[in-house]
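Based on the provided sequences and hints, a complete structural model is requested.
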Amino acid sequence: MAPAACKVRHARREDIPSILLMIRELADYEHELDAVEATEASLSATIAFAPDNVESTSTAPNTEPITRTRPARCLILFNEKNEPAGMALYFYNYSTWRARAGIYLEDLFVRQSERKKNYGKRLLVELAKEVVAMDGGRLDWSVLKWNEPSIKFYESIGAKAMNEWVGMRVDGEGLTKLASLLD
79 MAPAACKVRH ARREDIPSIL LMIRELADYE HELDAVEATE ASLSATIAFA
129 PDNVESTSTA PNTEPITRTR PARCLILFNE KNEPAGMALY FYNYSTWRAR
179 AGIYLEDLFV RQSERKKNYG KRLLVELAKE VVAMDGGRLD WSVLKWNEPS
229 IKFYESIGAK AMNEWVGMRV DGEGLTKLAS LLD
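Per the working numbering, the sequence shown runs over residues 79 to 261.
No lab work stands behind these hints, which were simulated from the structure alone. Yeah, the Cβ is synthetic: ideal placement off N, Cα and C, and Gly gets one too. You may find that some hints are simply not true.
Stated by the list, open to error - Simulated DEER-style distance windows between Cβ atoms:
no.: 1; residue 1: Asp-106; residue 2: Ala-237; range: 20 to 28 Å
no.: 2; residue 1: Pro-143; residue 2: Ser-120; range: 12 to 20 Å
no.: 3; residue 1: Lys-159; residue 2: Asp-130; range: 14 to 22 Å
Claimed, not checked - Straight line, CA to CA, 30 Å or less: simulated DSS-like cross-link-like pairs of lysine-lysine:
no.: 4; residue 1: Lys-159; residue 2: Lys-194
no.: 5; residue 1: Lys-159; residue 2: Lys-199
no.: 6; residue 1: Lys-194; residue 2: Lys-230
no.: 7; residue 1: Lys-238; residue 2: Lys-223
Structure (C-alpha cells):
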C-alpha cells in the first residue's frame, strides 16, 4: 500500500520548532519527557540543514556540511495539508567489517494523528534509498523492547532484531569520569 499523499525533504532552519515539538512528542510516548534537553538553539547548532528553497532529497542530500559538532541530518515528512507529520533524524556510521558507510537512525517519529498512513515506511524507504545511493552497507537503529507495535512494523519491512548485541552507553558524570580515567 502506498503512503497517503505526502512530501519528504531535508529539514530547513524554519523547521526547527516542528522538529523540537516532535522530539518532545516522541519523548512523551517513551515516558521520558523530563529527559529532553534539546532546545531550538541546540538543534540549530547540531543538525545540518538544507538551504531555503533548495531541493534536498534522500538520494541527493544538499545540506550544510556534516561535521563532528554538526553530525546529524533530518528528513521531514509533510502530509497532504503540507503540515509536518513525521521525521527521521539520522547520522552516518561505519562498518569496519564491510569497510562501508551506513546510516544510523537516531529517531523515527510519526505524529499520533498521522499514523496508519505508511508515513513511517516512507521515511525508512527514503533512508534506505540514501544508503543504496552512497553504496552503503546498512541502516541501523534501536527500538525499546516494550515497543511491540514498532518491533512488529520493523520486522514486517525486513528488519532483523540483533538480540546477540547489548547496547552500551556512557553519559553525564560517567562520561566525564571516563575521559579523565587515566589522568
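Against the earlier hints, flag every one the structure doesn't satisfy and list their numbers going up. Checked against the structure, no hint fails, so every one of them is satisfied.
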